[in-house]
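There are 2 protein chains.
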Amino acid sequence: MARPTPQTHGEILAAAARRFAATGYRGTSLQDIAGEVGCSKAAVLYHFANKEAILTELMAPAIEVLRALDDRIAAQSEPASAQRVAAEGFVDLAVRFRGEIALLRGEFPELLQQPDFAHIQQISERLLAALAGRSERASARITAFVLLAGIAETCGEFADVPDEELRDALLALLRRALAPVH
Amino acid sequence: MARPTPQTHGEILAAAARRFAATGYRGTSLQDIAGEVGCSKAAVLYHFANKEAILTELMAPAIEVLRALDDRIAAQSEPASAQRVAAEGFVDLAVRFRGEIALLRGEFPELLQQPDFAHIQQISERLLAALAGRSERASARITAFVLLAGIAETCGEFADVPDEELRDALLALLRRALAPVH
DNA sequence: CACTGATCTGACCGATCGGTCAGGTGCTGA
DNA sequence: TCAGCACCTGACCGATCGGTCAGATCAGTG
Numbered sequence: 001m002a003r004p005t006p007q008t009h010g011e012i013l014a015a016a017a018r019r020f021a022a023t024g025y026r027g028t029s030l031q032d033i034a035g036e037v038g039c040s041k042a043a044v045l046y047h048f049a050n051k052e053a054i055l056t057e058l059m060a061p062a063i064e065v066l067r068a069l070d071d072r073i074a075a076q077s078e079p080a081s082a083q084r085v086a087a088e089g090f091v092d093l094a095v096r097f098r099g100e101i102a103l104l105r106g107e108f109p110e111l112l113q114q115p116d117f118a119h120i121q122q123i124s125e126r127l128l129a130a131l132a133g134r135s136e137r138a139s140a141r142i143t144a145f146v147l148l149a150g151i152a153e154t155c156g157e158f159a160d161v162p163d164e165e166l167r168d169a170l171l172a173l174l175r176r177a178l179a180p181v182h
Numbered sequence: 001m002a003r004p005t006p007q008t009h010g011e012i013l014a015a016a017a018r019r020f021a022a023t024g025y026r027g028t029s030l031q032d033i034a035g036e037v038g039c040s041k042a043a044v045l046y047h048f049a050n051k052e053a054i055l056t057e058l059m060a061p062a063i064e065v066l067r068a069l070d071d072r073i074a075a076q077s078e079p080a081s082a083q084r085v086a087a088e089g090f091v092d093l094a095v096r097f098r099g100e101i102a103l104l105r106g107e108f109p110e111l112l113q114q115p116d117f118a119h120i121q122q123i124s125e126r127l128l129a130a131l132a133g134r135s136e137r138a139s140a141r142i143t144a145f146v147l148l149a150g151i152a153e154t155c156g157e158f159a160d161v162p163d164e165e166l167r168d169a170l171l172a173l174l175r176r177a178l179a180p181v182h
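Quick mapping for you: the protein sequence lines, in order, are chains B and R. Counting from 1, one number per residue, gives the positions in the first sequence under the numbering used here. Counting from 1, one number per residue, gives the positions in the second sequence under the numbering used here.
Heads up, some of the hints might be wrong.
[Stated by the list, open to error] Capping the alpha-carbon separation at 25 Å, the derived lysine to aspartate or glutamate pairs in DMTMM-like fashion look like this:
1. R/51 - R/11
2. R/51 - B/110
3. B/51 - R/110
4. R/51 - R/88
5. R/51 - R/36
No lab work stands behind these hints: they were computed from the structure.
Construct the entire structure; sequences and hints are all you get.
In structure tokens form, the structure reads like this:
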């Protein structure tokens, strides 16, 4: 019964990723994760301070890349180049981390409330503004919002589409749909 | 304390709608709803068989319209006209019922599992196919999926945008983004 | 050998969940 | 006057949740 090697930390992460992807963060109990790993719930909480810490560790790489993208967007002085950087960077990120994004499974709103993810909301807002060409027009913001949320919500469903193909399809969609900056 | 008039049923529905919109279906307890109405949890369960019945009644009008749209799409023989009917019908539905759609707040996947909503999954699949121009190309399906999910996920956020304006913005987006049927 | 620290367990905790139940209250019609 | 009904309450239920805790196991070390 006792696991001889202490790679349990990684096993818990992998199991949690599978469960979160299947039933969402809220819909997954620590007992579920422990059951999939084959250890006790107490063992899970030995390796992680609490349930949220598991999610935080799973999302850390994606969040780091998102933050870097935010910096790159902020460095653009022209709305047109900011829009291009935002579109390409976001599609890259969505394709590369579609597995991680899938974990959130529509629990974005609740999860973004948690202190660990608070700054992501601000980054999302800046990403949205850049995609909208820094325009205040309602239609531009609506368009950008639909595309942003749609890509975030669906990219996890295309696990079997090759990176390249998914990237091209999403970029083409953004180019067609986004209002060109005047 | 005792409510003199038996309009409690409607009050519960309204309170549940507010709470679901604020914290999601799962994130709202019967106690929350009862607290907002000012009655006991048992009173809520006197008017509704269970928690799911509240959601079902809230969503019933939107579901009925969705079903009607499905029929209209199925009646189209040409992919091009099916795509047009699907796009216009879906935008209409999203704008008109954006309040109800907002209640689901990203819990689509879980909620669609429930028997009461099982057929909606099939309707969504047919709607997706129609928007994709009944094409099997991955890029067409990806585009349609992103737009469908994006609109469903975001339309509830535009409570303050006039119907007309939101409708025009979404329709313009779909026309730009959807692949024209050959 | 004894000791230590990392790993893990089962039993347990308080809180909350959806839901049940017996009974109280007040209106209505015979 | 009183039976009957719609409406509602507080107390309670079993289940599950995230999290705690004391202690068992075991490999390594002196």
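Now for the hints, and whether the structure bears them out:
| no. | hint | verdict |
| --- | --- | --- |
| 1 | R/51 - R/11 | holds, 15 Å |
| 2 | R/51 - B/110 | holds, 20 Å |
| 3 | B/51 - R/110 | holds, 20 Å |
| 4 | R/51 - R/88 | violated, 33 Å |
| 5 | R/51 - R/36 | holds, 15 Å |
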